[in-house]
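Residue numbers (our numbering), protein chains in the order written: chain A, 24 to 280; chain B, 24 to 280; chain C, 1073 to 1343; chain D, 1073 to 1343; chain E, 285 to 615.
Think of the hints as simulated: they come from the structure by calculation, not from any bench.
There is no bait here: all hints are sound.
Pairs of lysine-lysine residues, derived as DSBU-like cross-links and limited to a Cα-Cα distance of at most 30 Å, are as follows:
id, chain 1, residue 1, chain 2, residue 2
1, A, 104, B, 104
2, B, 149, A, 248
3, A, 159, B, 248
4, B, 229, A, 229
Short derived list, chain D residues pointing at chain A, Cβ under 8 Å:
id, residue
5, 1074
6, 1075
7, 1078
Label-pair ranges, simulated between beta-carbon atoms:
id, chain 1, residue 1, chain 2, residue 2, range
8, C, 1079, A, 242, 45 to 55 Å
9, E, 575, C, 1135, 15 to 25 Å
10, E, 574, C, 1264, 43 to 53 Å
11, E, 324, C, 1156, 45 to 55 Å
12, B, 154, A, 154, 50 to 60 Å
Just so it is clear, the structure is predicted and the values come from calculations on it, not from any experiment.
Think of the CB as a built atom: it goes at the ideal place given N, C-alpha and C, for glycine as much as any other residue.
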Amino acid sequence: MTRVTVENVWKVYGDQTVLENINFETEPGSFIALVGPSGCGKSTFLRMMLGDEAPTRGRILIDGVELEDEPSPDRGVVFQKYSVFPHLTALQNVMLGLEFAASPFTGRLFGRTKREARNASLDMLKSVGLTHAVHKYPSELSGGMQQRLAIAQALIKKPKILLLDEPFGALDPGIRNEVHEIMLRLWREEGMTIFMVTHDLSEAFKLGTRVIAFDRVRNRPEEQKAYGATVTFDLKVDGKSAPPQPPADVTLAAAAQ
Amino acid sequence: MTRVTVENVWKVYGDQTVLENINFETEPGSFIALVGPSGCGKSTFLRMMLGDEAPTRGRILIDGVELEDEPSPDRGVVFQKYSVFPHLTALQNVMLGLEFAASPFTGRLFGRTKREARNASLDMLKSVGLTHAVHKYPSELSGGMQQRLAIAQALIKKPKILLLDEPFGALDPGIRNEVHEIMLRLWREEGMTIFMVTHDLSEAFKLGTRVIAFDRVRNRPEEQKAYGATVTFDLKVDGKSAPPQPPADVTLAAAAQ
Amino acid sequence: MRRLINRRPDVASRFGLMILPFVIVVIAYMVASEARLSVNPNDKLLPGWSTISDAIERMAFLPDQRTGDYLLWSDTLSSLTRLGIGVAIATLIGGIFGILQGLIPYFRATFNAFTGVLSMIPPLSVLPILFIIFGLGELAKVMLVVIGIVPFIIRDLALRTAEIPHEEIIKAQTLGASTWQIILRIVVPQMLPRLIDGVRLSLGAAWLFLIAAEAIASDSGLGYRIFLMRRYLAMDVILPYVAWITILAFALDLSLRLFQRIAFRWMYRGN
Amino acid sequence: MRRLINRRPDVASRFGLMILPFVIVVIAYMVASEARLSVNPNDKLLPGWSTISDAIERMAFLPDQRTGDYLLWSDTLSSLTRLGIGVAIATLIGGIFGILQGLIPYFRATFNAFTGVLSMIPPLSVLPILFIIFGLGELAKVMLVVIGIVPFIIRDLALRTAEIPHEEIIKAQTLGASTWQIILRIVVPQMLPRLIDGVRLSLGAAWLFLIAAEAIASDSGLGYRIFLMRRYLAMDVILPYVAWITILAFALDLSLRLFQRIAFRWMYRGN
Amino acid sequence: HAEAKKDFKVAWSIYVGWMPWGYAMDNGIVKKWADKYDINIEVVQFNDYIEAINQYTAGAYDGVMATNMDALAIPSAGGVDSTILLICDYSDGNDVIILKGKDDLADIKGQKVNLVELSVSHYVLARALEKIGMSEKDVTVVNTSDADMIAAWATPDVTAMTTWNPMAAEILTEDNANNVFDSSELPGEIQDSLVVNTQTLKDNPAFAKAMTGIWYETMALMSADDEAATAAKTAMGVASGTDLAGYEMQLAATEMFYTPQDYIAFTEGNLSELTTFVTKFLFDHGLLGQDAKSPGYIGIELADGTVVGDEDNVLLRYTTEYAQMAADGAL
Ligand SMILES: Nc1ncnc2c1ncn2[C@@H]1O[C@H](COP(=O)(O)OP(=O)(O)OP(=O)(O)O)[C@@H](O)[C@H]1O
Ligand SMILES: Nc1ncnc2c1ncn2[C@@H]1O[C@H](COP(=O)(O)OP(=O)(O)OP(=O)(O)O)[C@@H](O)[C@H]1O
Ligand SMILES: [Mg+2]
Ligand SMILES: [Mg+2]
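Use the sequences and the hints to build the structure in full.
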């Protein structure tokens, strides 16, 4: 079980401050929903969690140890797009992570190890409901199936932390509901910490155990450059099966810019 | 005020029947919301309304006269993407329709006629709230602003019918609400007939005076090719300011495939 | 009246329109040839059909008196061998450098400007240096083809590689991939079809350089024959050779496209 | 240790890496030149710096004994004039045909296959015919450049034109545009920057054909001089000429790019 | 179709014996003579010798500088009746067979010989081999562009070469290059001539007169022993890419016909024997056309009216009519 500590993190691009003074700590096994207006730095924050970007100031700790400064298998990710590899079938996409680990030189497995990786991957595909599509290429899958595949692909590495950047933003409402259920089940089974960026407040409250909103506090034109977004509210959600009603005191402003 | 009559319309691509036996007639000044699962032929139907495609069988009449077989200024359109011209500023985008009409050879206006077109366009931009962005290029506008621009651009031609293909699908919820209000106001002011395709049932019921759903009735694999989608429900919505609650007897299946 | 932009020819008129410009060219040739031949029956510039078909028979179906070869076929074999080897080498070098240049920042910093400059040098103008380095035999001809097209292939592929969504590279790293594994399992398989596109685009230049090389020092090959025949204005041989090169170029292009479709199904599945 | 793929050189090492391959080439040249000159002090193939700089002075800064011209500049003027006119004509033809071919179904049906075949014909092999049709003056050289690059420009632009979202064309029609107005107000303005891209891509080929044309029939121009000097293996003149051509090619490319940025701001605004 | 015309174009390419044409064009001699006969003459320089002959053959030019051999093989074999109006010079050592490291022609056996195939070099090689009892079968010919001969020589693959000046002179400065045979052993066989279209000539004697006048005035200028001659030769040297010394060296291997009398005397010698060597070579290499059944397939009319070869198919003629006028001061 993993505890993430974000200490006084700032991110500045050139002379544009994007995030300022982000501080929070998560309980092990949290499902954090990150919301906020477009361009406020949610994806930037996830990129820092991934190690793809370094914070300009401050630091991020996992179980008290500073983050590796590049992506690694303990932090899985699912993006809205380009999350799966178009040249591999569903099965190959999921097996890939196992092959990387076991075969440094060729990146491929053979014989018994391959059979094992294959079986593990098929199980994983089954648990996201893709058993019938294991030999299809991503271009042959619908959007919802592609995102389920991306989740399976990330989970097979058993990451301590799973980072989701608007993973369901492009899906139809009905399909979205299905994937939500799968997501919640996997989260409970695997016991990992999840950070999910979303634009949809009801999704945030439906899935998250905690909803954190980023927003700029100072918005006057002359302040635009010097000040970035920070945490404007941070709310624990109890009882995960409660209806997707945002609490009365939360303004919708965070989701609509 | 315009009355649209759809008579026994079929659309077949090769050996794939997409739409079969579509029949309905609209009251003048209707706001028709078209819903249905992905791929059922909503966009195809709009393309037939535009004259970009011809029905395989049946016909579409406007005020009793058969449709022109190519797009013309009496039917405006707003697509989800590519609805505005990237190489023209907002003002130029709106003026374009006036210039086409008045200047067959150069497609440009000069002197007094230009000033008039400019003023009319500025008024139109004001009514969609883009006064401050008239000299910006579309790539400098946010998604919501681009769609408002596309609406302004279509409305300046005062079309009898306005066709919208998921016009707000890519917008954030907050922005979407704003644009809904503008849309409703313009519809009331101009008194035109609107056909809007949407995936969002609440949007359909919020905006539409009538919601029409397309869906396939026969879905067994061997029937896939021979049978297309048809009208599966058709519902008048009274009292446009009612809360966006779908009536109880409407299944959600039409929106979620 | 529908707008011109909305009117589509049906299958029959599409075919008619397609062959129209070819027919016009053929007729124009026939008229011009006729006119010249009526002035000078021995005119070599625009020979008549019978002269051309004699030449085709002589080159393709009768053994050469001196060597006993069927010249068209032996020339084709020489040229295609050179072209094939040259393009293969260029593809290999272009593939490796292109991918590294598109993917690895240090590699890009080192070679980007250099390949940019290289691609601007007209290879024909540095021939003497190429001769010194590669001699004057087959190697030189192959190398001229390689040097002629490799900068383009590198730059094209580097661009394509840089276009791979950053998300994919990040995702691969979160799955534990090393740089080498990313290259091997993610980048190379996705870039192979693009590489074929790049090769297809540079085939025209490859032919050009091959012909230039064969014109400079050779004793066989399609370019050799054309330039030798040019000495005697033997257009009855040159024209069929040009047509033949055009057909070969088409066939090569087509077979690369077919290969791409068959070998990289993932690009064409689904939508 | 971070993965190689994640390591980025800083500004200073980026500069160092960038010039590294150039430095290596220069050193290799110096070593080879030294070696050859120590065997034969009169070696012409890889002349030393002093010989080269003498030649540069002679060609660029001293008037020619015979004509009184400063040869490098008069050659440059001749070549650039030909290249400029040729590329301008090719751009015009390519622009018109490319747009019509990409947009109008009837036009496409007529010319698509034809330009496809044309683009496969190696222009060098039909030189004699070109010279007869266009005479041997400046026109022939200009036309070789035109014929060499125009099929590429047409095909490239036709593809780009066909890529204009169908939605835009429909939208224009609902605004009442005729085919002509669509071309004038929608397609041409959006295709001009693409046309410049196409021209930039074909500049290399344009130089190649210019040099080839000047090699055969000319009495001035950069290509003429290089081929004249090749007869004497005067590498001390050829090498600076090649370098000069490379610089000119770079400058042309750069100025086209700048022009594109300035003239088509809409492409670069926003994201 | 007899028609007099005013505008004439003559093509020339860079070669030692033809440089005077460029000089004459640059220095007003052409214009002077053209004006005298009230016509316009343009003397156009080609970089590529073969292209010049092709253009003439195709009818774009009225005259061209070519060797007798190429005149026969290209325009005449192509049905263009051509007349050698005057011979500028013959090669007297300009065409050389060079061996690398060997100094006996017989050593060429079995080697690859780089040369411009079917050109005068090829002819020289064939004649040289014939003289020592070998034939082309004893060597392998590799077609090599004349512009690249020097660079080619520098590569290890190349061990034998036949080429002409200035490339030959340049190559012979190398230590390992040996002249084993040159055209001074084939005197008069390789004639560098002004070839004009016979029909044009018939219709426009003024054109022939002007060309003849231009040539011999220029010859007189450059053969004199004064500063003007040195200046002219310097200019010609520079125009051909070398300098005065280089040009003088090339002239030394060239038998220039500085006066009309030189030319007339030459045609009265063994010209008919010399032409049979050439026709045999062309016939052997299939260059007289596919219909040729014998070396005499194309008739060649000599200056005295006798015909070598087929009298019914005369397509190449020598004339001394205009040279004679020049000799008589009648131009
Ligand atoms: N590499 C970069 N260089 C400079 N600025 C950047 C960079 N990446 C992001 N930004 C800027 O940082 C800000 C935050 O971007 P980010 O993508 O994190 O926003 P977001 O909250 O994910 O928005 P959205 O909801 O639209 O995805 C934006 O203003 C963006 O322009
Ligand atoms: N030009 C065409 N040729 C062949 N089939 C087509 C063509 N256009 C559309 N189709 C097919 O017709 C069906 C309906 O397509 P359409 O785009 O109208 O669906 P839609 O209801 O708009 O779906 P979505 O909600 O995803 O936009 C699809 O199965 C599609 O593959
Ligand atoms: Mg984001
Ligand atoms: Mg649709």
